[in-house]
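Protein chains: 2
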Amino acid sequence: MTQQLSGACVIAQSGGPTAVINASAYGVIRTALDSPQITAVYGAEYGILGVLNEALFDLSQEDAAELEMLLYTPSSELGSCRYKLADPARDQKDYHRILEVLQKYNIRYFFLNGGNDSMDTCHKVSNFLDEAGYECRVIGIPKTIDNDLCGTDHAPGYGSAAKYIATTTAEVQKDAYVYDVGTVVILEIMGRDAGWLTGAAALASLSGAPPDLIYLPEVPFEMERFLAEVTAIYQQKGKCLVAVSEGIKYADGQYVSEGKASASDGFGHAMLGGLAYNLAEEVREACGAKVRGIELSLLQRCSAHLAAKTDVDEAFSAGVFAVQQALAGATGKMVSLQRDENTESYRCRMVLEDLALAANLVKKVPPEWICQEGNFVTPEFYDYVLPLIQGENPRPVQDGLPRFAKLKKIRVNLSQT
Amino acid sequence: MTQQLSGACVIAQSGGPTAVINASAYGVIRTALDSPQITAVYGAEYGILGVLNEALFDLSQEDAAELEMLLYTPSSELGSCRYKLADPARDQKDYHRILEVLQKYNIRYFFLNGGNDSMDTCHKVSNFLDEAGYECRVIGIPKTIDNDLCGTDHAPGYGSAAKYIATTTAEVQKDAYVYDVGTVVILEIMGRDAGWLTGAAALASLSGAPPDLIYLPEVPFEMERFLAEVTAIYQQKGKCLVAVSEGIKYADGQYVSEGKASASDGFGHAMLGGLAYNLAEEVREACGAKVRGIELSLLQRCSAHLAAKTDVDEAFSAGVFAVQQALAGATGKMVSLQRDENTESYRCRMVLEDLALAANLVKKVPPEWICQEGNFVTPEFYDYVLPLIQGENPRPVQDGLPRFAKLKKIRVNLSQT
Numbered sequence: 021m022t023q024q025l026s027g028a029c030v031i032a033q034s035g036g037p038t039a040v041i042n043a044s045a046y047g048v049i050r051t052a053l054d055s056p057q058i059t060a061v062y063g064a065e066y067g068i069l070g071v072l073n074e075a076l077f078d079l080s081q082e083d084a085a086e087l088e089m090l091l092y093t094p095s096s097e098l099g100s101c102r103y104k105l106a107d108p109a110r111d112q113k114d115y116h117r118i119l120e121v122l123q124k125y126n127i128r129y130f131f132l133n134g135g136n137d138s139m140d141t142c143h144k145v146s147n148f149l150d151e152a153g154y155e156c157r158v159i160g161i162p163k164t165i166d167n168d169l170c171g172t173d174h175a176p177g178y179g180s181a182a183k184y185i186a187t188t189t190a191e192v193q194k195d196a197y198v199y200d201v202g203t204v205v206i207l208e209i210m211g212r213d214a215g216w217l218t219g220a221a222a223l224a225s226l227s228g229a230p231p232d233l234i235y236l237p238e239v240p241f242e243m244e245r246f247l248a249e250v251t252a253i254y255q256q257k258g259k260c261l262v263a264v265s266e267g268i269k270y271a272d273g274q275y276v277s278e279g280k281a282s283a284s285d286g287f288g289h290a291m292l293g294g295l296a297y298n299l300a301e302e303v304r305e306a307c308g309a310k311v312r313g314i315e316l317s318l319l320q321r322c323s324a325h326l327a328a329k330t331d332v333d334e335a336f337s338a339g340v341f342a343v344q345q346a347l348a349g350a351t352g353k354m355v356s357l358q359r360d361e362n363t364e365s366y367r368c369r370m371v372l373e374d375l376a377l378a379a380n381l382v383k384k385v386p387p388e389w390i391c392q393e394g395n396f397v398t399p400e401f402y403d404y405v406l407p408l409i410q411g412e413n414p415r416p417v418q419d420g421l422p423r424f425a426k427l428k429k430i431r432v433n434l435s436q437t
Numbered sequence: 021m022t023q024q025l026s027g028a029c030v031i032a033q034s035g036g037p038t039a040v041i042n043a044s045a046y047g048v049i050r051t052a053l054d055s056p057q058i059t060a061v062y063g064a065e066y067g068i069l070g071v072l073n074e075a076l077f078d079l080s081q082e083d084a085a086e087l088e089m090l091l092y093t094p095s096s097e098l099g100s101c102r103y104k105l106a107d108p109a110r111d112q113k114d115y116h117r118i119l120e121v122l123q124k125y126n127i128r129y130f131f132l133n134g135g136n137d138s139m140d141t142c143h144k145v146s147n148f149l150d151e152a153g154y155e156c157r158v159i160g161i162p163k164t165i166d167n168d169l170c171g172t173d174h175a176p177g178y179g180s181a182a183k184y185i186a187t188t189t190a191e192v193q194k195d196a197y198v199y200d201v202g203t204v205v206i207l208e209i210m211g212r213d214a215g216w217l218t219g220a221a222a223l224a225s226l227s228g229a230p231p232d233l234i235y236l237p238e239v240p241f242e243m244e245r246f247l248a249e250v251t252a253i254y255q256q257k258g259k260c261l262v263a264v265s266e267g268i269k270y271a272d273g274q275y276v277s278e279g280k281a282s283a284s285d286g287f288g289h290a291m292l293g294g295l296a297y298n299l300a301e302e303v304r305e306a307c308g309a310k311v312r313g314i315e316l317s318l319l320q321r322c323s324a325h326l327a328a329k330t331d332v333d334e335a336f337s338a339g340v341f342a343v344q345q346a347l348a349g350a351t352g353k354m355v356s357l358q359r360d361e362n363t364e365s366y367r368c369r370m371v372l373e374d375l376a377l378a379a380n381l382v383k384k385v386p387p388e389w390i391c392q393e394g395n396f397v398t399p400e401f402y403d404y405v406l407p408l409i410q411g412e413n414p415r416p417v418q419d420g421l422p423r424f425a426k427l428k429k430i431r432v433n434l435s436q437t
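First to last, the sequence lines map onto chains A and B. Sequential numbering from 21 applies to the first sequence in the numbering used here. Sequential numbering from 21 applies to the second sequence in the numbering used here.
Bound-form chain A, shown alone (with noise of 0.2 Å):
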């Protein structure tokens, strides 16, 4: 397996959007494309989907400088899908056109960037390879703001949208906080299993600007205890600033966001308006106060804007690193990023994992990072998340505007090549 081996590549990125994806997609491309024995270099329209349907750009035609622009450039340039490969158990047939489409293009390099659905994809496309004794070196690249990726310390994305979290936390709470007359605001924010995203709003309170409660999937969703905790806060300073998971449930394994509306009229209203819109209902007849409910939806994954360097740096470094061991005969395999726990100062390096580590699992965070009351994390939170977001990412712009890459996005035509 650690031989030469000399062919054509192709990345795909899947899954949600993140600010950082294209900084991956553009360490795996500039790194392809320095490479003698990477013959092409391809890039996959809308992730699996280009492969299935050979939608395959030449990258190898696109500026160097607007392929470098790529680390500014917020959402999946290449585009990505919501589209899941059966199990090859019981259906083969997508896993047979993606090795008819790698044997067309002679595509001997696969990487994928994705989450977990992504990762499990790899190690079945993989798995399948191998089987067909096609050799073809699949790697997975991790990428998901929501950070509940198995294998890995952390996840490219996720810095860059608990960066942009505990900025605008911290920007809405001076709003909130601004009138004599009290104000409630309920930021919703992603992180359907797991309270990453939610947590890091914490963070606030290095800008002298923290909510005053967070409430995170991790922990069983009470409404009336919810209830009380926000009145005590707001009759005591006249304001309360919470931040909540879109993916709060009930002790029984309900969502929240799903609760009130068949409960309250069967319509299903109340989930038009979203969680925060809900809860705001609810403590509005709760106490009385002005309420205000902000769901910080796609912004928190496309604010290129603020991406934290660090995770640029990291989502970048990851593509190489996915290039560099693919080239050295690895497959089956997902970049991780292992942090060295025994320095003072925040130190990552990579290193492969297991596909099988990362793919369908869910990571929450610990119990011990929860407070006691379950409104709030504690310092070890802190410690986690804080060297993620570090760092300004100087990006381009042009008469007052982020200046995104602009690609040609040539299709392959074979008969060309």
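Possibly wrong hints are sitting among the right ones.
Since the list gives no way to pick out one identical chain from another, each pair is judged satisfied if it fits inside one copy or across any two copies.
In silico BS3-like cross-links for lysine-lysine, where the CA-CA straight-line distance does not exceed 30 Å [claimed, not checked]: (1) K429 x K259; (2) K426 x K257; (3) K259 x K104; (4) K104 x K310.
Hints in this document: simulated from the structure, not taken from any laboratory.
Starting from the known structure of chain A, arrange chain B on it as the hints suggest.
Chain B alone, transformed into the frame defined by chain A:
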């Protein structure tokens, strides 16, 4: 009136906060502290209430470096209020109380920083003090993200909000356009009466990521036409990004944000989610797309991390100018920003205008700056806004997070002064 007038000054911040209202306060405070004629510099806690309640901070006791941090601190650091003075023709109680406090503290300079309501307050206070024969120079300093203030080319606060909106729209467009399967995203932007903020979303086109449609309050809204326009773009591109103003109204004057709730179920639930959610639901029904509603909410007015340097500089200069003009004898005026129309590059100077020009009036987007179809803005709109969003404010960052001003806020104790 132009003789030397010695005495204390007070600065009050009013209305909804902006990213740069503290820069104007700093302009006033710094200039006042450096002016020998001004014997004390007070900050009113919670706007005009601070005067009424005799809740005044002695700003001479603040560290100079912390005061300077006001240039990078969002929201109104002295606090704001929603209190509106009565019409003095009906009730002069508040005005007599204001006079009493001004006399007690020998306040001879009164600066109020706010929107059209605040200019009205300035106007009334100024007239009352004149009639009472108490010499006090009253100057209004404009501030509003909405930019709907008459008597000035634009209002400090607008440029930074416009920059935030344009940047965020560009980033959201990249995200909304990422999938193979279409998505419609509806961005709800502030502006109850005027479309200045919503129109700024168009500038995202300079990042290559424009919204497809823009709906302003200046154009009567037709739901059927809106749905047809969104559906047409969705069917053509498989995606659509729409910017709507919170203030869009039907031809009969009813706000669209109020319309559906009572019409649909009478429970008022539709209002909870806000306009973006309701329009998202309408679009979902109309074209079957996956639709996401995003309300920019407070974020668009408190995002100091994206403040435009031009805006910060002008906000600061407006405060400086207010003090300089008051020292020179002006009173009963507001600071107005005048754009030099005769130069190729943007130039803006400060002048004084009558407070009555701005009080309680609303400046709308001119009809000729809105395209004929009523669903986008014209190049003239770009020309107007673009200079206002220029420049990055070199904000201090500590631990990867914004470093805000830390004021001691020491209450004035007259027995010590």
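Hint by hint, here is what the structure shows:
1. Only between protomers do K429 and K259 lie at most 30 Å apart by alpha-carbon distance; the minimum there is 19 Å, versus 51 Å within a single protomer.
2. Taking the closest pair of Cα atoms, K426 and K257 come within 30 Å of each other only across two copies (19 Å); inside a single copy the shortest separation is 49 Å, beyond that limit.
3. When the C-alpha separation of K259 and K104 is checked against a cutoff of 30 Å, the pair qualifies only between copies, where the shortest distance is 21 Å, while the shortest distance within a copy is 45 Å.
4. Taking the shortest Cα distances, K104 and K310 sit within 30 Å of each other only across copies (18 Å), while inside one copy they are farther apart (44 Å).
Of the numbered hints given earlier, the model fails none.
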